[in-house]
Structure formats: structure tokens, C-alpha cells
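Participant: Chains as they are written, first to last, in numbering that gives the first Met the number 0: chain A, 0 to 337; chain B, 0 to 337; chain C, 0 to 337; chain D, 0 to 337.
Please keep in mind that the hints were generated in silico from the structure rather than gathered at the bench.
Wrong hints could be hidden among the right ones.
What the hints assert, rightly or not - Keeping only pairs whose Cα atoms sit at most 27 Å apart, straight-line, the calculated DSS-like set for lysine-lysine is:
id	chain 1	residue 1	chain 2	residue 2
1	D	K195	B	K36
2	D	K6	C	K321
3	A	K22	C	K36
4	A	K321	B	K67
5	A	K86	A	K6
6	A	K6	C	K70
7	C	K321	A	K6
8	D	K80	B	K67
9	A	K321	B	K331
10	C	K36	A	K80
11	B	K36	D	K20
12	C	K11	A	K67
13	D	K321	B	K36
14	C	K67	A	K36
15	B	K86	B	K201
16	C	K20	A	K36
17	B	K148	C	K36
18	C	K331	D	K321
19	C	K67	A	K11
20	C	K321	A	K36
21	A	K70	C	K11
22	D	K6	A	K321
23	B	K36	D	K80
24	A	K67	C	K67
25	B	K112	C	K195
26	C	K195	A	K36
27	D	K70	B	K22
28	D	K11	B	K67
29	A	K6	C	K115
30	B	K148	B	K202
31	B	K321	A	K80
32	C	K321	D	K331
33	B	K70	D	K36
34	C	K331	A	K36
35	B	K321	C	K6
36	A	K20	C	K22
37	C	K70	A	K36
38	A	K195	D	K148
Number of protein chains: 4
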Amino acid sequence: MMIIVMKQTATKEQIDALLRKIKRWGFETHLSTGENKTVIGIIGKGESLQERAFLAFEGVENVMQVNKPYKIVSREFHPEKTIVDVKGTKIGGQDIVIMAGPCSIENRPTVMKIAKAVSSRGAAILRGGAFKPRTSPYSFQGLGEEGLKILREAADETNMSVITEIMDVRYLELIENYADILQIGARNMANFTLLKEIGRSKKPVMLKRGMAATLQEFLLAAEYIMSEGNENVILCERGVRTFEQYTRNTLDLAIVPAIKELSHLPIIVDPSHATGRRYLVTPMALAAVAAGADGIMVEVHTNPAEALSDGAQALLPEDFGKMMNSVNIIAKAVGRTV
Amino acid sequence: MMIIVMKQTATKEQIDALLRKIKRWGFETHLSTGENKTVIGIIGKGESLQERAFLAFEGVENVMQVNKPYKIVSREFHPEKTIVDVKGTKIGGQDIVIMAGPCSIENRPTVMKIAKAVSSRGAAILRGGAFKPRTSPYSFQGLGEEGLKILREAADETNMSVITEIMDVRYLELIENYADILQIGARNMANFTLLKEIGRSKKPVMLKRGMAATLQEFLLAAEYIMSEGNENVILCERGVRTFEQYTRNTLDLAIVPAIKELSHLPIIVDPSHATGRRYLVTPMALAAVAAGADGIMVEVHTNPAEALSDGAQALLPEDFGKMMNSVNIIAKAVGRTV
Amino acid sequence: MMIIVMKQTATKEQIDALLRKIKRWGFETHLSTGENKTVIGIIGKGESLQERAFLAFEGVENVMQVNKPYKIVSREFHPEKTIVDVKGTKIGGQDIVIMAGPCSIENRPTVMKIAKAVSSRGAAILRGGAFKPRTSPYSFQGLGEEGLKILREAADETNMSVITEIMDVRYLELIENYADILQIGARNMANFTLLKEIGRSKKPVMLKRGMAATLQEFLLAAEYIMSEGNENVILCERGVRTFEQYTRNTLDLAIVPAIKELSHLPIIVDPSHATGRRYLVTPMALAAVAAGADGIMVEVHTNPAEALSDGAQALLPEDFGKMMNSVNIIAKAVGRTV
Amino acid sequence: MMIIVMKQTATKEQIDALLRKIKRWGFETHLSTGENKTVIGIIGKGESLQERAFLAFEGVENVMQVNKPYKIVSREFHPEKTIVDVKGTKIGGQDIVIMAGPCSIENRPTVMKIAKAVSSRGAAILRGGAFKPRTSPYSFQGLGEEGLKILREAADETNMSVITEIMDVRYLELIENYADILQIGARNMANFTLLKEIGRSKKPVMLKRGMAATLQEFLLAAEYIMSEGNENVILCERGVRTFEQYTRNTLDLAIVPAIKELSHLPIIVDPSHATGRRYLVTPMALAAVAAGADGIMVEVHTNPAEALSDGAQALLPEDFGKMMNSVNIIAKAVGRTV
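Only chain A is shown next, with the shape it has when bound in the complex (with noise of 0.2 Å):
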């Protein structure tokens, strides 16, 4: 279904040859005249029609569409919560799930301390990079299978589960063999190859939204990768690009709510990466508990002055122990436990 408002100036023979088009296309219409407009209804399952094709034609002036363009997501397809099983911890239920680690995956000795640090306090999945996205060729850019077998190990040794970001769908098997959970980075939302591939993996899927990807569109890349069967799809905001550069990026805790009412999946907060000063870290993830989030994702670190990548934005253990008392208390006060 979709709305089509015709210019003021638009003649007869331009509606009626929209109109015609619009029948051959095998949809139904509906003509309603106002004062000085004409606004064309389109009546049928239109999922294969384009808002922005329609200002293609002459003396169009606006479209809208009236069904959202994404289905398997919505609520109205799928009214209860998804619950996302990773070998028993529940994301999207009543617990708020914790998932901490290093940025990047360094040495053996370093991640294992911080996984006992983690595990010890609170986290269920430990999280950290073995390919790392990064903007510059020349930064540290992962250290690769050898990362993810340390990542197993400290896991492992933990009792946690393992989160990390796929960044190439040739790796998608090897890195199947060492996660719990694949993560889609920001910078890979739209990066459709990927989400189709990822979609047909059986693993649980965390996807962090785009900078500069609306509701709408973080929605349709979920859609995209539940459309092709995985049906363990995560969300996770982490920060959007405005004008504001004291903080690495936006945090719009808002998307939490909306993401609950218009979808059924859960929803993880990173605040590490949305604010990139350790500083606002915690204060960031309180907020997003106290928001309605399924979750947080924090960076963690022992020694964050030795970090090979955004050590500035990495909690220290005690920092995230206090974090967690706090977490536990904000939790309760919006019904959920940790």
C-alpha cells in the first residue's frame, strides 16, 4: 500500500498515465481530490514497490509508504520476544546479559587475566577481536586464528561464552569453529554479501548498527540476514555520527524503546565504542539499562595504557566491578535481573 501526492500543477494526462501504469503493474488505485491536490492510493501487497521509483514520473511530488518495508523483524509478524539462546544464557529474557573483553586480542597471559576479571564480576560473554576493522592500513589489525584460539581458551577456562566480529565471509567456517556468537561491526551493517552469508550460518548473530543507519535501516539489515533462515539476530546500538566530537560518536539510547516496540529482537548496548572516554562509559551503560536494554557490551583491560587499540575507552576491572554493582541495582528497578 502506498501514497502518491500529485504536484498542484500536475495536468490530467499526467494522472491518468500514472494511473494506467499503476493498473498494468497489477495494482489496484484509488483517486481522492482535494482542494487543490490530487492523492493517489495503491492498493495491494506492494513489497515490490519503490517509494523513490514513483518520482520518476511526471508531476509526482511526495510518496509514502504505508506498510514498513521489513516483515520478519516486526512485531506484527512475530508478537512475542525473541529470546536468543547461547549455550544457556538468555539475551532478550529476563536477565540483562553482560559482554566484556579486551578490544583486540593481544597476548595469552593479557586476555586471560581479563577474562577471569570479567567472569569473576558478572559477564557472561567475553568478547574481543581477532580481525580488526581498522581506519588506518598501517594500525594493528588483529592477530588472526591465533587470536580466536586464545579467545576459545580464556572462554573456555571461564565458563563464558564467545563473541567476535566476522569481517570476511571467506572466514565465516573458521570462525564458526571458535565463536558462540558472530559479530557484525558497524562499519559491515550494510555490507549485504556478508549478511546474506552470516544469515545461513546457524550461529547466533550480534549485528551493531551502522553510523549513519536509521531505525529503519539497522531493521532491514536484520531482515536480510533472518530472511535468509538464522533467525538468532542480536541488535546492538553503539553510537551514531553527528557534529558532536567530544564523544567518539552519539549514543541514541532512544533506538532501545523504539527497537522494542516495532521489533521483537533484543538489544545490546556498547557504550566503550559510543563514547570512546572511559570516563562515560559506566554512566552510558546505567542509562541504557535503565533505557530497557537487553544487555551491555564493555571493553575491559588490565592495563588499558598498554592497549594496542582503544585502550581510552577500556574499563579497568575495579571500574567494572563497581559498574556491575550499580548495573545489578538499575536492573532491579526496571523489573529485570543480571
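Given chain A's structure and the hints, the job is docking chains B, C and D onto it.
Facilitator: Chains B, C and D alone, transformed into the frame defined by chain A:
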């Protein structure tokens, strides 16, 4: 203190010309030559120096200000938190202060009903617009002085204080007669004429962040007011403009802890204007408190569907009551009271 | 005329309640039921209706205004182009009009030198700020009336007209005494008090686009002025605020042909403030003319490195001369003259 | 070379700790103490140092990189302009190069008709998508290899070269068989896997700017490709995402002269995707040429209202012809040829 990076291609003549000029202005310079670039440090009180001015010289690549451009609003200048006392209500102290009321003042009975509804549920300050900044000249522009009278009466009957917006310097005295806090709206944050005039008022001021204002510009706007003598400035985050249009604006909650770090001024959050959708107001109010806000400003209406402006974002009294219950619990979780 | 899309989950009661309300407001409705959604059309003169108001009703998903919210500024209302006549200089006609001068007025000899330099090279209108909107209260705020006198004198001696910014409604009469065109700066585009007051002036006005103003808001600001009776409005694009910070703002040149389509008002481009870097001014001035702008406003200074404000973006007289040569050729290429 | 500004409250211990660390990393430091702040300069080849890393240290307020993070793409490294030779068509030289064709390849007769229409009017390079990045999984995704064959044939018959998008590293060889220029779309600008792989190809590459990419990130993406050995990189500005939604994106033309200053690579402008509206394409194409672009990429369709994607922004052949006439004149005005 300022640092100037010269282009790799800068000539000795260009560097010397710049050094001579800086010395003539009364500053000392410090030259430092790297592998392939020259860096000039300017030493001395540099408030009068402007970053962009140096880009006018040939051979200059980049300029960085070392000192912050604001002073009175900064933590360094005034390490203690500022607490603004509005007839006994302390803003910026231990208590989370709630400001509530209709978007615009429509008529006496409605405002009275709303005032009772919010006062009985914990609001200390009654909001309401008598002069409204409206994007369209054909929208309702407010009742003017008649509205101020209604607002004052409603506040007096319910033991609340009054906050209302001032848009026109010529109405300052008029509005001072009725209001306890003068509000400067987002559209006027960079109306320097208004800022200076308000700076000479004895009344507390609440300054809303402009839709495209950086953190630094926001603090500089407060500096305008304070530099004229008015020390009772309250800041208010109400969302910035981004590409995301599902919400009216994007609420930038990270600014709350950031302002607490950089400044001593109290900071309030307005989730109603930021989101523009009723169902998002309460989650964002709770998130704001969790992030450390000193108060919340929300729109409440007894019959939002009849409201002359912004009804879509107004809470019903019962919803406001529920919000207050949760605000109470979250406040405790972060060591505050309501 | 307005279109309301109901949620898929909207009940018959919600739809009926809304229909009753719309009828009570004096509008006719038109109901259209698709596969799974109901759409309500509101018929009748809807200037008083506000889109967001309908979001306040239960069951409403989305609202679209069919008619544009502005009238007097629109092409439909006034199909002929408006030509603003400033002492014989026609803005919006066949000629590309050049406004040039210093950012702020510093002293008589400098302004005189600059006026001669730009007049002799083809500028018709002399710009210069006597009252300056400055982000910091510690920056130079302008010479005030003394500056206006200098500007007037310089313009008279060189047969130019004067454009200067008005920031404070209380100075309207004062500035009218000296200026031929009143300029409303970007920071005051949504200062509705100022817009209305200027709307009652007999002087031509140049309205700069706000840094975060949409095309529609820009036109509505012009509507404010025109609805008070002043028909001599010139628009000015000077860049919008985005994440890109290499340039001071992002010049949105597509707004030039868009405004020509939607409105009858002339549109000028200011590449100096938009870019903030001297070497980008000329290419952007040429691009503006190629895009169809009715004029260019640029900052010129005989000694930019000494300028009290914005020297980095001021052209030298020789550069201005070179720019004028190219503007001439590009103007011819798009069927205009200078 | 990097400059670190310490907080006013930084202790001697914090400063010393940082100095020791920097020395241990093999860099020399230079200390400079102002009225109330300490500034540390780091001397030595600092490519491996990251700005944000230093924010992880206690007492650090701000960090500034003195050297640009990119090298091979910079003018300093390679002062001569790069001219990319595509079968004799020189991109980045004296000629403005025109790339034109349909958005996506639909069928043989249509592509052939379009190819003839654009070739006869001056286009040298035929564009067309065989694999399409689409926001919705339900939109037409392209004809795949069948599309590539059609495109190649149409180009061969009309003596044009072929440019087409590559989205999936696994199709590199396939696409190399048909294309003369590989295009990386805006959504994949930060798909570093793809950038590196393309960097090892022998084919020229056109890299489109990401919708939220800064100038620096855009150049760093090009650096990724060049650092793998592929020197034939063409940049393409196609609009960034802002709050303005009348146009599809906001075309940032100031990036054209900025890139010419900072880099030696050629830069093309795509006004079709940037504006999304047919009537804005020609004015923006002319503006791009006036701003100094090395070429224009536009969508042309013989029957835009039937186009399977993006018809609204496609020019008709006659409009393309008119655009070419004006491009010719503007090109001459800025000292170029077509």
C-alpha cells in the same frame, strides 16, 4: 596557549613572518622542529587569540587551542558544584528535581488540573509556554501575559515554582514578574543579545542546548550569561538534530556526565522534546537519571489529544505517576533522592 | 489535507474516536482500508492542523501532510520570480549580484580600502558587521553604530549599497538608518521575534539558513517575514553543520535549484562562512553560480592575517579579482550576466 | 610527531609516568610548561602511535596528531597529479570524463539503447550495476554475470569502457573479466577486506565516499588500496548523510578542491545518487565541474519510469545531451575540456 602546525612545504620566510607577528602581539613563542614539520607554541594568556585567525597565514596547516575557551563555567575555575536555589528547591544538589506541565498554556482550568496532577505526584516546578517559538507563523503562538498569569496562579495554588520561556528581550521585566526561572529555548541558545540581557537579570536561568550546538558552544553560551553576572545557570539537554528522524531529535545523554566533568553547573534533561513520542519519554527520563542528570523536564497533559501543541509527546497524569515511581528507584540506585 | 496511517493493531474504537474528533474540528474524512491497515484522509483547508498532533491519538502509526506548510513563499502562490530591487541593483534577475567586504568593520581606512577594492572589481553591495554574533563572549563584538557610519560612508563613496546584520530588535531603527539590506544571521534564523519585527520593516532582508535548518524550516522562516508584509526577502545558503569538520560547515548547493523550484525568492550563496578556508572560497563561488545562485557573498580583506575575525576565510583583493573573472565566464555559461 | 595536552590538575607523577612510557616506546619527548598547563611533544616517526591511545593515561586532556595519518595518497608524498589511464581515457588530466548509464542492468535492448544514447553525446565510460547493494532484501538484486555480459557488449559496440560495482571479494576475478574500472560503493568504503583485495588487483578502482566518512577517512580508505600496490585509484564524492532529507544525501562539493589540495588522486562527482531527484542532477553536475571535479558520473535511462531501481534520479537522453552542452561550456570556463 596555542599550538600551530606548519605545512611540510612551509618556507623559512613564512615561519619567520608568523613568529614576528606573534611577538608583536606580545606573546612568547616556542619553536620545535620535527622530522619534516615545524610546530610553534604560543605562550601567554591567549583568551584573545582565535584558532581560525592563524589559518589566515601562509604555510599554516593546523591550529590547536590548549586552553579551553570558557572560564567561569569550568570546573577548574569553580571546583564546587553550583546549586541553584529556586525558593528552596535546590537544583544541582542531592535531589533530582522534576519540572512538569503542559507544552503551552491553553486555558486556566486545564493548567490548574495539570498543576495539581504533577504537584501531587512529586513535581516541584511547573512548566508552560506563554510565548511559543513555532516553526510556522500559522501555529498557535501562545497566550502572552494572560498565560503567565494563569501559570503563576496555578503554581501558587500548588506550591510550585514557575519556569517559562523568554524569547524577546523586551519582555524580560514582564516575564520576571511571573517566573521563578527564565528559560532560554534551543532556538535561542546562540541569540547572544538575549543571553547578555538575561545575564543581567537576578532570576535563575535554564539554558537549553541548541539543536546543532557542540558541548563547547553550549558551555560558551552559559559563559555569556555568567560573564554578565548571573551565576544561577542551569543547563538542559533536549536532543540534537541528526539524520535519524523516527525521533524528533537525538537525545545526547553522554553530555550529562561530560558536563559534570567539565563544568560545575547543574544539568537537566528534557526527554519530551527530544523524542517527540509519548512512549519514549519515560524510558529516556529513567536513562537520564541513571546517567546522572540533576532533574527532568517533561510535558504532562490531562488530554494530550486536545493539546494545542506537541500533544504527541505529553504524558498523561497516570503515566507521569508511574514514571515518578521508577525515577525514585533509579535515583536511589545512583545515590540520589527525589 | 492530511493522511493518517493507523497501526495494524488499531482497534475499531480507536479509529472511530479519531474520526469523530476530526469531524468535530470541521473537516471531512475519507477512510480507506488496505490488506491490513486503515488510512484516513482529512479533507479541507488544513493549515491549522499539525502533523505531530495526530500522533497523540491511540492507534496512529504515521501522519503525512499533503499540503506544504508554507504559502506566500511558494511558487504555487506566486509563480513569477521575485526580483528584489536595492537602489537599482536587481537581485533575482538576470544579473549575478556580488556582495563583498570584510567580516567585521574594524576601522575607517581599512574598510575604505576594501570597499574600493571590491567595487572596482565588480561588487555592487558592501558587506561588513558592526554587531557581531560571536560564539565566545571574549571575542571582538563589533564597533556598533560607529561601524555602521564607516560602512555607510565607504559604500557611498564607492556607489555601493550596504548589507549588515541585525541581531537585536531594539536596534532596528538604528540599523535601518544606515543599511540598504538587513541581514538575519544563521544563528537567528529561528529567532521568531526578530523575524516578525523585520517583517514589518520596509527594507529588503537577507535571511541566512540556520546551521541545522531543513529546506522546509528555511522557507517557513521566510514565510514569517513575508506574512508580516515585507515581500523583499532574499535567501542565503551558508552551509549546514555535519560530521565533516575539515571545512567549517558543509555547503549544501543542491538547495539552490531546489529553492528555485519550490519558491519564487532569490537565493545567494556565502562560500566564505561555509568553508572557513580561503583556498576553498573561489571554487565554491564558481560552483554556486553554476548551480544557479542569484548572487555570491564573500569576505574580502586587504590584510587577512590582521583581521579581527574570520581572516582565514577572507580573500585578498587580487584573489577576489580572479574569482570575478571566472564568475563572469561561468555566469555566461548558465545564461546569466554579472 | 604528536602533541599531548595535560589537564590543569595533572600531577607531576602522572606527567612523569607518561614521559617514561613514551621513552620506553622509543620516542623522544619535549616538555613545555605554560601558565597552568603542561604540553608534551613526541618526536620521531609516529605512524604507529594512535591519538586515542594517549587518552587512556591519567591526567591527559587532549591529543593532537601533527603528521597526517595517510601517506601514499598525499600530495607531499606524490606532488604530481595522478592520471588514471583507462584504455586511453585519461582520468585526472585535462579532460572532464563522463561516466553514464543505467543504475542497474535490466536487459540487453535497454542497455544497448542507453549506451548508444550516452556514447553519442560524449560519455566515455558506461556504468551499470550487475550486483546491486539494496537496503531491502526484497528489492531487485541485479542480474549477476548475465548483467556483466550485457554491459561489456554494449560498451564494446559503442567504444566505451565499463565501470561496475564489486561487493563480494569472491567475485573479483569474475568482475575483472568484464570491467575496466572496479567500483567500490559508498556502503563498502570501510569494508577493509574488500579494499585490501582490490588493492592487489591490476584494474583501476573508483572508490565512493561512505555516507558518514570524513575527508580523512576517505583518504585512508584509498590508502588501504594503494598500500597493497594498486596505484590507479579514482575517488568519487556522492553525498553524505545529514539531517536534510529533501535530497537523498547532501552533496559535499567542497571536498573536490580539498582533495586536490591534500591528495594527487583524481576526483569524480556523482550528482544522481547525491540528490535522488532528476531536476537537481544537471545543476549539481555543472557545479561539480565548476568546483574542479575531474569527471561526472550520472544515471541515464531511456524510460526512467520503468527503471527497476532509482529511476527518479535518472536523466533522459535528451536531458543528458543538454547537460553535456553546459558541461562543455563550464569546463572551458575553468580551463578544462571534455
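Participant: Output the indices of the hints that this structure fails to meet, ascending.
Facilitator: Hint check: 1, 2, 4, 5, 7, 8, 13, 17, 20, 25, 26, 27, 29, 34, 36 fail, others pass.
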